[in-house]
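A.B. asks: If you read the protein sequences in the order shown, they are chains A and B. The letter at position 132 of the first sequence is residue 132 when you use UniProt numbering, and the numbering goes up by one with no holes. The letter at position 157 of the second sequence is residue 157 when you use UniProt numbering, and the numbering goes up by one with no holes.
The hints are simulated quantities; they were obtained by calculation from the structure and are not laboratory data. Do not rely on the hints blindly, as some may be mistaken.
[Stated by the list, open to error] In silico DSS-like cross-links for lysine-lysine, where the CA-CA straight-line distance does not exceed 27 Å:
| id | chain 1 | residue 1 | chain 2 | residue 2 |
| --- | --- | --- | --- | --- |
| 1 | B | K238 | A | K27 |
| 2 | A | K16 | A | K27 |
| 3 | B | K285 | B | K261 |
| 4 | B | K241 | A | K16 |
| 5 | A | K120 | B | K284 |
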Amino acid sequence: MDDSKNKHVYSIVLLKEAIIKNPVVTKDHKLFEESLILISISENLLRDKEKFLIFIRNLVQNNEEIYPNEFGEMVIWKLAKIIDVFEISEDIEFSLPFQEVYSRFLEMPANASIDDVVNKFYSDYVWEDKEM
Amino acid sequence: MKKLHWKISLVLLTVFLLIPYAGEFSILKVKADETGQTEISSSSSATSDAQSSEVKNSEQKQAPTEPTPPPSFTGTLSDMIDQVYPSMSIVPKPSPKSFVSDDGVTINGQFYSNAEFDALLDKMTLAPNAPEFTVDANGQIHFDYDLRIFPLAAPIFVAALPIIGKVFVTGATIIVGGLMINENNKEWNKVTSRLNAAQRAKVEAEKAKAKAKAKPTTPKKTAKDGEDEMTADEIISKLRKASIRREFPKEYLNKKWKDIKNAADKGNAVARKAKKLLQDGRFKK
Numbered sequence: 001m002d003d004s005k006n007k008h009v010y011s012i013v014l015l016k017e018a019i020i021k022n023p024v025v026t027k028d029h030k031l032f033e034e035s036l037i038l039i040s041i042s043e044n045l046l047r048d049k050e051k052f053l054i055f056i057r058n059l060v061q062n063n064e065e066i067y068p069n070e071f072g073e074m075v076i077w078k079l080a081k082i083i084d085v086f087e088i089s090e091d092i093e094f095s096l097p098f099q100e101v102y103s104r105f106l107e108m109p110a111n112a113s114i115d116d117v118v119n120k121f122y123s124d125y126v127w128e129d130k131e132m
Numbered sequence: 001m002k003k004l005h006w007k008i009s010l011v012l013l014t015v016f017l018l019i020p021y022a023g024e025f026s027i028l029k030v031k032a033d034e035t036g037q038t039e040i041s042s043s044s045s046a047t048s049d050a051q052s053s054e055v056k057n058s059e060q061k062q063a064p065t066e067p068t069p070p071p072s073f074t075g076t077l078s079d080m081i082d083q084v085y086p087s088m089s090i091v092p093k094p095s096p097k098s099f100v101s102d103d104g105v106t107i108n109g110q111f112y113s114n115a116e117f118d119a120l121l122d123k124m125t126l127a128p129n130a131p132e133f134t135v136d137a138n139g140q141i142h143f144d145y146d147l148r149i150f151p152l153a154a155p156i157f158v159a160a161l162p163i164i165g166k167v168f169v170t171g172a173t174i175i176v177g178g179l180m181i182n183e184n185n186k187e188w189n190k191v192t193s194r195l196n197a198a199q200r201a202k203v204e205a206e207k208a209k210a211k212a213k214a215k216p217t218t219p220k221k222t223a224k225d226g227e228d229e230m231t232a233d234e235i236i237s238k239l240r241k242a243s244i245r246r247e248f249p250k251e252y253l254n255k256k257w258k259d260i261k262n263a264a265d266k267g268n269a270v271a272r273k274a275k276k277l278l279q280d281g282r283f284k285k
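If we strip away everything but chain A, and leave its shape as in the complex, we get:
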């Protein structure tokens, strides 16, 4: 899938959403996580947006475990949006499939949608991933 030639390091800003399965406690907020990762991928993969989206979604799913909270509800973190992609010119080496370099949580009202988060925190959003 990933062409070993023409690999470049990219920094990608991801927006993840916490989904509570079978809630037993009334929702009082919705939590999102912004995550900035470094990843080494080929240019070809990036050009094919559909493939790139599947690749990133799988990457997130493989690295986020489903776990229970203290109320007995299951917490699932899933990819909500790719906010931005930036090619890094310098050679950065890392052994892991990707390296997370920044993370912050965004607390929103319980009925907030992904668009609400984008409008509030990324009003200059341009990277199209409508398929998600």
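Using the hints provided, position chain B relative to the given structure of chain A.
C.D. replies: Below, chain B without anything else, positioned relative to chain A:
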């Protein structure tokens, strides 16, 4: 006979109705006496000998019976104003024996050299109930009070000097003892700068007092002083917003912070999530 009967009944009825107010009459009488006394004592020095002997007589008459005024706000209106606003107490009148000369000042006939006067100014203390004021760059004194209560021309007792006595300020004049100092006077800047320094020191002292009062007695725990040994549950209860419990992994709730960090550093995804939730400053209380 019938008329006389009616008259007696009317007099008795009047006396009966006035009995409950008998005490009030005596208070009113004292107030009226005090008002009269104040008016007489505040009259000019040119009062005739007859008048002054009248004052003496009235003082002699009242001296043995006049009780010490109580600390509460009672008495005549002028007494009450003095109790509420002592800064407006009696102002020394300008004395012909007070004047400024090149080598010093003479106050009530007593000469103070420039150095002596400066030394006394350095020992100036603000009046305890003096209203707040500021001195601008031009040496003008501005009071921060309601002009409806303090008329503009009323001299305000602002400070006291050892030996010399009280310092009053009016709109354009400072009265030191009996010495009137105005803006054209060489002593004006000395006195205003000293007043300014005293007022600033007072404000700074009040600020420091308020700051010391506002200081929390028990500082909040930080990661440096104890979170390592606290469990995630304890940290959330004491130092984080309760809302993060919803996304916090149950298996790390009763783990110590240092153990969560270790697990996260080893690559455990759930521990990493727990670590990130505890580290994010947005959830700190």
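A.B. asks: Work down the list of hints and note, for each, if the structure agrees.
C.D. replies: Results of checking the hints against the structure:
{"no.": "1", "hint": "B:K238 <-> A:K27", "verdict": "holds, 22 Å"}
{"no.": "2", "hint": "A:K16 <-> A:K27", "verdict": "holds, 18 Å"}
{"no.": "3", "hint": "B:K285 <-> B:K261", "verdict": "holds, 21 Å"}
{"no.": "4", "hint": "B:K241 <-> A:K16", "verdict": "holds, 20 Å"}
{"no.": "5", "hint": "A:K120 <-> B:K284", "verdict": "holds, 21 Å"}
Violated hints for the displayed structure: none, as all numbered hints are satisfied.
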